[in-house]
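Trainee: Sequence:
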Amino acid sequence: MTIKTDNRHLYLQVIDKIKEDIEKGVYKEKEKLPSEFELSKKLGVSRATLREALRILEEENVIIRRHGVGTFVSSKPLFTSGIEQLQSVSNMIKNANMKPGTIFLSSSIIWPTEDDMKRLEVSKKDEILLVERVRTANGQPVVYCLDKIPRSILPITFNHKQESLFVLLEECGVQISYAVANIEPIGYHEKISPILECDPETSLLLLKQVHFDQQDRPVLYSLNYFRADKFSFHVVRKRFS
Numbered sequence: 000m001t002i003k004t005d006n007r008h009l010y011l012q013v014i015d016k017i018k019e020d021i022e023k024g025v026y027k028e029k030e031k032l033p034s035e036f037e038l039s040k041k042l043g044v045s046r047a048t049l050r051e052a053l054r055i056l057e058e059e060n061v062i063i064r065r066h067g068v069g070t071f072v073s074s075k076p077l078f079t080s081g082i083e084q085l086q087s088v089s090n091m092i093k094n095a096n097m098k099p100g101t102i103f104l105s106s107s108i109i110w111p112t113e114d115d116m117k118r119l120e121v122s123k124k125d126e127i128l129l130v131e132r133v134r135t136a137n138g139q140p141v142v143y144c145l146d147k148i149p150r151s152i153l154p155i156t157f158n159h160k161q162e163s164l165f166v167l168l169e170e171c172g173v174q175i176s177y178a179v180a181n182i183e184p185i186g187y188h189e190k191i192s193p194i195l196e197c198d199p200e201t202s203l204l205l206l207k208q209v210h211f212d213q214q215d216r217p218v219l220y221s222l223n224y225f226r227a228d229k230f231s232f233h234v235v236r237k238r239f240s
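All letters in the sequence shown, in the order written, are residues 0 to 240 by numbering that gives the first Met the number 0.
Rather than coming from a laboratory, the hints here were simulated on the basis of the structure.
A few of these clues could be false.
[Said to hold, decoys possible] With a straight-line Cα cutoff of 30 Å, these simulated BS3-like cross-link-like pairs (lysine-lysine) come out:
no. : residue 1 : residue 2
1   : 190       : 207
2   : 27        : 93
3   : 18        : 124
4   : 41        : 31
5   : 29        : 98
[Unchecked claim] Estimated spans, in silico, between C-beta atoms of each pair:
no. : residue 1 : residue 2 : range
6   : 150       : 183       : 26 to 32 Å
7   : 22        : 67        : 40 to 46 Å
8   : 196       : 57        : 43 to 49 Å
9   : 214       : 35        : 53 to 59 Å
Just so it is clear, CB atoms sit at the ideal spot from N, CA and C, and this is done for glycine as well.
The task is simple: from the sequences and hints, build the whole structure.
Mentor: Set out below in structure tokens:
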């Protein structure tokens with residue numbers, strides 16, 4: 000029996016053991032894991048326990064389960080960032096020693112939705128600039144972006160094809176100070192997954208952010224769909240006495 004008895008639930012021990020084996024190279028990236036029968040026998044646990052461990056590992060994007068094919072080790076993310084760090088997608092890509100690029104899909108002036116009015120603190124008569132882009136790393140599409148900016152904070156003429164909207168806002172005299180973010184894991188998306196050249200099994204991470212300037216004014220609402228096999232986010236949690 001490979002799993003040692005301790006006070007934790009057995010499936011948590013299985014998770015740690017599989018992660019350890021992946022880290023040691025027992026199972027390599029994109030390699031198929033043994034069958035559930037073989038793996039449960041090797042680890043000395045029931046198939047029900049193993050399935051619960053595999054379910055969580057899949058949610059954490061450690062493995063990919065392909066129906067009727069098997070379970071595979073996910074590729075390690077190329078880009079990682081602390082969610083508490085506010086930085087542009089361009090900088091995330093640069094920090095991985097890769098070249099950022101942008102594919103512009105569309106830009107338009109729209110009327111705000113009810114949600115836009117709440118998030119950006121605008122009225123229904125205030126125009127919104129909507130920019131749809133794909134961000135690339137060394138030419139490979141990795142992030143699909145939808146960005147909304149109140150038209151009133153932009154000059155009459157502006158370059159909406161600026162690589163970084165952070166830079167565009169700075170050129171308009173707007174300094175982003177902080178953002179309120181929410182991350183949602185989602186599966187295959189009919190429109191976005193093909194744009195990002197995802198396999199059907201590749202999930203996405205949706206990062207929704209409202210950016211505020213130094214006067215606490217909301218100036219940018221962004222929806223960034225990251226390939227979960229390319230990006231990972233973490234958070235530093237501190238204990239307060």
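Trainee: If you test the structure against every hint from before, which numbers come out violated?
Mentor: 3, 7, 8
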